[in-house]
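**Student:** Since the structure of chain A is already known, use the hints to place chain B on it.
Those protein sequences? They're chains A and B, same order as listed.
If you're matching positions, the first sequence starts at 1 in the working numbering and goes up one per residue.
If you're matching positions, the second sequence starts at 1 in the working numbering and goes up one per residue.
Because the hints were derived from the structure by calculation, they are not lab data.
Where a beta carbon is used, it is the ideal one built from N, C-alpha and C, also for glycine.
There may be inaccurate statements among the hints.
Unchecked claim - Which bits of chain B does chain A cover? Going by a derived footprint, with three or more residues having C-beta under 8 Å, they are: (1) 19-31; (2) 105-117; (3) 152-165; (4) 187-196.
Stated by the list, open to error - Take a look, some chain A residues computed to stay more than 10 Å from chain B by CB distance: (5) 13; (6) 369; (7) 425; (8) 459.
Unchecked claim - Beta-carbon label-pair distances, calculated as ranges: (9) B:13 <-> A:459: 34 to 40 Å; (10) A:286 <-> B:93: 37 to 43 Å; (11) A:459 <-> B:141: 58 to 64 Å; (12) B:37 <-> A:364: 41 to 47 Å.
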Amino acid sequence: MKLTSRAIVMMLRAPVRTLWRRWTRSMLLRVVTSTLVVGLVAVAGLGAYVTTQIRDGLVDKRVEGILSESASDVAGTQATIEASTAETPGDLQRLVNDQLESIQLGAVGRGLVLLQAPGNTSPVFLTPFGSAPSGSGPALDTVISRSLRESIVPDGPQFWQFSVIPGTDIPAVVVGAPLSVRSAGDYELYFVYSLENEQATLDLIQRVLALGAGVLVGLVLFMTWTVTLQAVRPVRAAARVASRLADGHLSERMRVRGNDEMATLATTFNDMASSLQRQITRMEDLSRLQRRFVSDVSHELRTPLTTIRMASDVLHEHRREFEPSVGRSAELLATQLDRFESLLADLLEISRIDAGAAQLEFEDHDLAEVVRYQLEGLVPAAAEQGIELRLWVREGVNTASMDVPRVGRIIRNILSNAIEHAQGQPIDVAVASSSRTVAVVVRDYGVGLSPAQVARVFDRFWRADPARARTMGGTGLGLSISREDAQLHDGALEAWGSPGKGASFRLMLPRSSGGLGVREPLPLAMHSDDFAALATRVNLSVEAVDR
Amino acid sequence: MVAKILVVDDDPAVAEMIGIVLRADGFDPVFCDHGDRALGIFRAEQPDVILLDLMLPGKSGIDICREIRAESGVPIIMLTAKSDTVDVVLGLESGADDYIPKPFKPRELIARVRARLRRNDNGAPGVVRIGELEIDVTGHRVARDGEVIQLTPLEFDVLVTLARHPGQVFTREVLLEDVWGYRHAADTRLVNVHIQRLRAKIERDPENPEIVLTVRGVGYKAGGYTP
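Bound-form chain A, shown alone (with noise of 0.2 Å):
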């Protein structure tokens, strides 16, 4: 039973869902059915109005005319019976049908009862009289009612009431007088008069009405459409090309017809397409010849670049064999166009991605697997300094979709900074995931960042501390550039640092094109204790690297 009325309401959930997404929609079918539903109300209450009007109006005059027609025709025949000289029972009965056979003769459509009134004791009796309106039917007694008995007293006035023909639905009215029939006593003398003309007169006349009111209904309707649409129409056009404009086709227009303001609409929006794009256009030849000159300058640069690199090593591997200031030349040479080629690598990526000419490759990948590699490179160097470099990761899928040298770059860039700053201490990274995002954290404990140069550490150049010599040879470029990289894959790269207690650097990356989830699998502080507590450690093979 549950299970039926479950259903029950799981099949009607998919028809109601559809109707209210039509609704919300479309216009159109707001405006008409709201025209419609305020459309009924008011020719129903119109019609109610003018119906209500006509009958009163009707009824009213109809019972003025039979009140006047009974009153005389009673006074009438008080009149006659008063006049008359018979005595005995047998004669006054022939008298009283006489007398009610004649009024009867001139009218139409009413019945008439002659009943003994109730307080009558004369020992003098005339039969009951009754004739229906039609001439044949069920006895008009049961019209009477009790209160309009009692409401009739000898020599008082008459008394009416609406009531129904028995057996019909046809209205009618009933009015009642008192007659006093000589020594017969007192009698009461009941017309009933049918409304069956007037019933049929208001029928019509609703029937017509309520004809008036369907065309005119259905008229509005149409107009309501006809004119909605014309609305409608322009806002439906617009919203198509503007739909197709988003999607890339710039050239697509509005119909331009008329004057009108649907006109001026569609010049105006014609007018903001081709601003668009314009901009646009200039926008993209702009970044092309960019592009072209950046891969120019990369080509030019390189190919004098290469013969000055290989001279200089091979002068570099001979340098015992000069004198001592040529040979420390030769070395000076060789370091210093290795930070040339970083930094030149560095300003043509950087330009690259500045002309929106990076281009991305993306494959699933393991996070953990590129955290581990790169820290795998770098822990040589690392060593050098005294710095060991954890890895921690938690159990967990971490693969997402990402360009891996772009991503091994960006770690490989933070961890050379947190091994650059470190002052000896060790280093922290660690890899977790949610079920949209993979992060990874770099933390170290050495000198620090203030909140000021937190908010400045991905800028082109800058330094911390302009004092401090670079150890790992970094160009001053590699953090915007991860940040960028981060950028490209709709992830984020962010910076948190504490003077004197170190810093920490989380990357975050969408597992899938849907961009980063709301909840962060790592905070951004964590404390030393905090990895082990969140994740499990894993042994880096460095003899692997060592080789």
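**Tutor:** For chain B alone, coordinates are given in the frame of chain A:
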């Protein structure tokens, strides 16, 4: 035997410098400074390794690479001044075995050349079967149903490395070390492109490989089944 190296580069300074470095290590360099003459010199000299610049007057390095590959499996190392992804991938796809981005150190160049010259002797010789393929390691021959498939020495090395341990997953880094001779920090696209080329030759349907399988997020392995 002195290995002969064909250096195709239009910059005279670079070519001369490469010549000095190669001679110092006991190689025999021959030179070509124009794209249109490269194929003729290759045919005349029959070098053991080709160092090929991509940007050349006349025929481009990519085209030369493709033409040489059409008639020979000789190791080709590209010299690229541009490290743009597209150029590197295009060069590798046209048949180059390896690439060195300019500027490079002499030591690096020599290491690359030596790695290409060293025949990869994957342990014991003999015949290895994988899927429908019969690999004659000693004779450097691969056949399917008795029909010989032409592989370059590098492609052959990749296949043998994988086929000797069916089912074992090789990461791209391990393959780079085993086949290309890199120690660390190299471009894994090398592996991707060569696996594609290898599949195009040995798989019945390269879109649904049955011999060289991808292990997502890790690397590659040889399919272990024998039909």
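**Student:** So does residue 37 of chain B sit 41 to 47 Å from residue 364 of chain A, Cβ to Cβ?
**Tutor:** holds, 45 Å
**Student:** Three or more residues of the region 187-196 of chain B near chain A by CB distance under 8 Å?
**Tutor:** n = 3 at 8 Å, threshold three: holds.
**Student:** Is it correct that the beta-carbon of residue 369 of chain A has no partner in chain B closer than or equal to 10 Å?
**Tutor:** Contrary to the label, residue 369 of chain A does not stay out of reach of chain B, its closest Cβ about 8 Å off (not over 10 Å).
**Student:** Taking 8 Å as the Cβ threshold, is the statement that the region 105-117 of chain B is covered by chain A upheld or broken by the three-residue rule?
**Tutor:** Since 4 is at least three, the answer is holds.
**Student:** Mind checking the hinted window 37 to 43 Å against the Cβ distance between residue 286 of chain A and residue 93 of chain B?
**Tutor:** violated, 31 Å
**Student:** Would you say the C-beta atoms of residue 13 of chain B and residue 459 of chain A sit inside 34 to 40 Å of each other?
**Tutor:** Holds - the Cβ-Cβ distance for residue 13 of chain B and residue 459 of chain A, about 38 Å, lies within 34 to 40 Å.
**Student:** Is the Cβ of residue 425 of chain A more than 10 Å away from each Cβ in chain B?
**Tutor:** holds, 26 Å
**Student:** Say whether it holds or is violated: residue 13 of chain A keeps its Cβ farther than 10 Å from all Cβ of chain B.
**Tutor:** holds, 39 Å
**Student:** Are three or more residues of the region 19-31 of chain B within 8 Å, CB to CB, of chain A?
**Tutor:** holds (count 3)
**Student:** When I compare C-beta atoms, does the region 152-165 of chain B have three or more residues closer than 8 Å to chain A?
**Tutor:** violated (count 0)
**Student:** Given the hint of 58 to 64 Å, check if residue 459 of chain A and residue 141 of chain B actually sit that far apart at their C-beta atoms.
**Tutor:** holds, 59 Å
**Student:** Would you check whether the claim that residue 459 of chain A is not at the interface survives, using Cβ distances to chain B and the 10 Å cut-off?
**Tutor:** It holds; residue 459 of chain A is separated from chain B by about 25 Å at its closest Cβ, greater than 10 Å.
Hint compliance for this structure: hints 3, 6 and 10 are not met, and every other hint is.
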